[in-house]
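Undergrad: Sequence:
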Amino acid sequence: MKLLIIEDEQDLREVIQQSLEMEKFLVETAIDYKSALDKIISFDYDCILLDIMLPGGNGLDLLQELKNLDKSENVIIISAKDSLDDKLKGLNLGADDYLTKPFHIAELTARVKSVLRRKSFHGKNIIEAGNVKLDPEERTLFINENPLLLNRKEFDILTYMLVNKNRLVNKTSLAEHVWGDHMDEADDYEFIYSQIKNLRKKLKDNQATVEIHAVYGIGYKLVQG
Numbered sequence: 195m196k197l198l199i200i201e202d203e204q205d206l207r208e209v210i211q212q213s214l215e216m217e218k219f220l221v222e223t224a225i226d227y228k229s230a231l232d233k234i235i236s237f238d239y240d241c242i243l244l245d246i247m248l249p250g251g252n253g254l255d256l257l258q259e260l261k262n263l264d265k266s267e268n269v270i271i272i273s274a275k276d277s278l279d280d281k282l283k284g285l286n287l288g289a290d291d292y293l294t295k296p297f298h299i300a301e302l303t304a305r306v307k308s309v310l311r312r313k314s315f316h317g318k319n320i321i322e323a324g325n326v327k328l329d330p331e332e333r334t335l336f337i338n339e340n341p342l343l344l345n346r347k348e349f350d351i352l353t354y355m356l357v358n359k360n361r362l363v364n365k366t367s368l369a370e371h372v373w374g375d376h377m378d379e380a381d382d383y384e385f386i387y388s389q390i391k392n393l394r395k396k397l398k399d400n401q402a403t404v405e406i407h408a409v410y411g412i413g414y415k416l417v418q419g
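Residue numbers for the sequence shown follow our numbering, beginning at 195 and rising by one.
It is worth saying that the hints were derived from the structure and are not from the lab. Keep in mind that a hint or two might mislead.
Unchecked claim - Derived DSSO-like pairs: lysine-lysine, alpha-carbon spacing no greater than 27 Å straight-line:
{"id": "1", "residue 1": "K196", "residue 2": "K347"}
{"id": "2", "residue 1": "K327", "residue 2": "K307"}
{"id": "3", "residue 1": "K265", "residue 2": "K391"}
{"id": "4", "residue 1": "K196", "residue 2": "K365"}
{"id": "5", "residue 1": "K281", "residue 2": "K347"}
{"id": "6", "residue 1": "K415", "residue 2": "K365"}
{"id": "7", "residue 1": "K283", "residue 2": "K295"}
{"id": "8", "residue 1": "K295", "residue 2": "K365"}
{"id": "9", "residue 1": "K359", "residue 2": "K218"}
{"id": "10", "residue 1": "K196", "residue 2": "K283"}
{"id": "11", "residue 1": "K261", "residue 2": "K233"}
{"id": "12", "residue 1": "K347", "residue 2": "K365"}
{"id": "13", "residue 1": "K228", "residue 2": "K196"}
{"id": "14", "residue 1": "K359", "residue 2": "K398"}
{"id": "15", "residue 1": "K307", "residue 2": "K295"}
{"id": "16", "residue 1": "K228", "residue 2": "K295"}
{"id": "17", "residue 1": "K196", "residue 2": "K415"}
{"id": "18", "residue 1": "K327", "residue 2": "K398"}
{"id": "19", "residue 1": "K365", "residue 2": "K307"}
{"id": "20", "residue 1": "K365", "residue 2": "K391"}
{"id": "21", "residue 1": "K391", "residue 2": "K359"}
{"id": "22", "residue 1": "K281", "residue 2": "K233"}
{"id": "23", "residue 1": "K233", "residue 2": "K295"}
{"id": "24", "residue 1": "K265", "residue 2": "K327"}
{"id": "25", "residue 1": "K265", "residue 2": "K218"}
The whole structure should be built from the sequences, with the hints applied where relevant.
TA: Okay, structure coming up:
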């Protein structure tokens with residue numbers, strides 16, 4: 195996941211960047227209106243953290259530019275201006291959230307993860323495929339309305355595969371999504387194979403109408419029978 199921080203206050207910008215990089219996000223920064231505009235025109239981001247008051251321009255104008263470019267980036271406004279008018283303008287222009295300074299970095303990180311999760315699940319709280327119904331917030335899984343208990347990794351794998359249903363998911367992407375900062379410690383992908391094997395068996399034993407197919411040498415694909 196690639197994020198862009200548009201913030202001219204150096205100390206705050208660096209603290210936010212370090213915090214998000216610890217969560218394994220790829221983070222870029224812009225310190226003024228012009229550099230921010232160049233980046234949003236040239237690149238795509240999963241989420242943009244946007245200050246309203248910027249050297250050389252206004253963050254709300256950047257929101258309008260994103261709209262003009264028909265881009266779908268999530269945007270969280272981070273601003274010292276606790277103005278209802280600015281908040282409403284930002285939300286009307288397509289911002290996903292608004293956080294007033296000062297704020298706790300942990301809260302900002304939670305907001306980022308929340309908007310990214312909503313995007314991944316297409317705004318739905320429940321993911322359904324065939325007779326499988328998964329709630330990522332409550333971490334519950336039902337097959338034919340019957341609950342099925344998975345371990346944490348099995349649940350995360352199934353969630354990722356359901357979000358990417360009918361798409362080829364390579365082993366590296368799956369490992370980075372599910373294992374995160376522990377991925378670098380692995381010498382091979384045996385830890386994925388064992389979890390996938392157990393997950394497949396549980397789905398089959400409970401007569402799920404989705405299956406996880408292995409694509410030799412590349413990864414996996416979840417298909418609905």
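Undergrad: Given the hint that K261 pairs with K233, does the C-alpha gap stay at or below 27 Å?
TA: 15 Å, holds
Undergrad: Are K228 and K295 close enough, with their CA atoms no more than 27 Å apart?
TA: Holds: K228 and K295 sit about 23 Å apart, inside 27 Å.
Undergrad: Given the proposed pairing of K196 with K283, does the C-alpha separation stay at or below 27 Å?
TA: 25 Å, holds
Undergrad: Holds or violated: K233 with K295, Cα cutoff 27 Å?
TA: At roughly 24 Å apart (the allowed maximum being 27 Å), K295 and K233 satisfy the hint.
Undergrad: For the pair supplied as a hint, K281 and K233, is the alpha-carbon distance within the 27 Å limit?
TA: Judged against 27 Å, a Cα distance of about 23 Å means the pair holds.
Undergrad: Tell me if the straight-line CA distance from K359 to K398 falls inside 27 Å.
TA: 17 Å, holds
Undergrad: For the pair supplied as a hint, K327 and K398, confirm whether the alpha-carbon distance does not exceed 27 Å.
TA: 15 Å, holds
Undergrad: Would the pair K365 and K307 pass a check requiring their Cα atoms to be no farther apart than 27 Å?
TA: 23 Å, holds
Undergrad: Check the hint pairing K391 with K359 against an upper bound of 27 Å on the C-alpha distance.
TA: Distance ~18 Å between K391 and K359 Cα, so the pair holds.
Undergrad: Do the alpha carbons of K295 and K365 lie within 27 Å of each other, as the hint requires?
TA: Violated. K295 to K365 sits at ~40 Å, over the 27 Å cutoff.
Undergrad: Are K281 and K347 close enough, with their CA atoms no more than 27 Å apart?
TA: 39 Å, violated
Undergrad: Straight-line Cα separation of K265 and K218 no greater than 27 Å?
TA: Given that 27 Å is the threshold and the Cα spacing comes to 24 Å, the pair holds.
When the structure is compared with the earlier hints, violations turn up for hints 3, 5, 8 and 24 and for no others.
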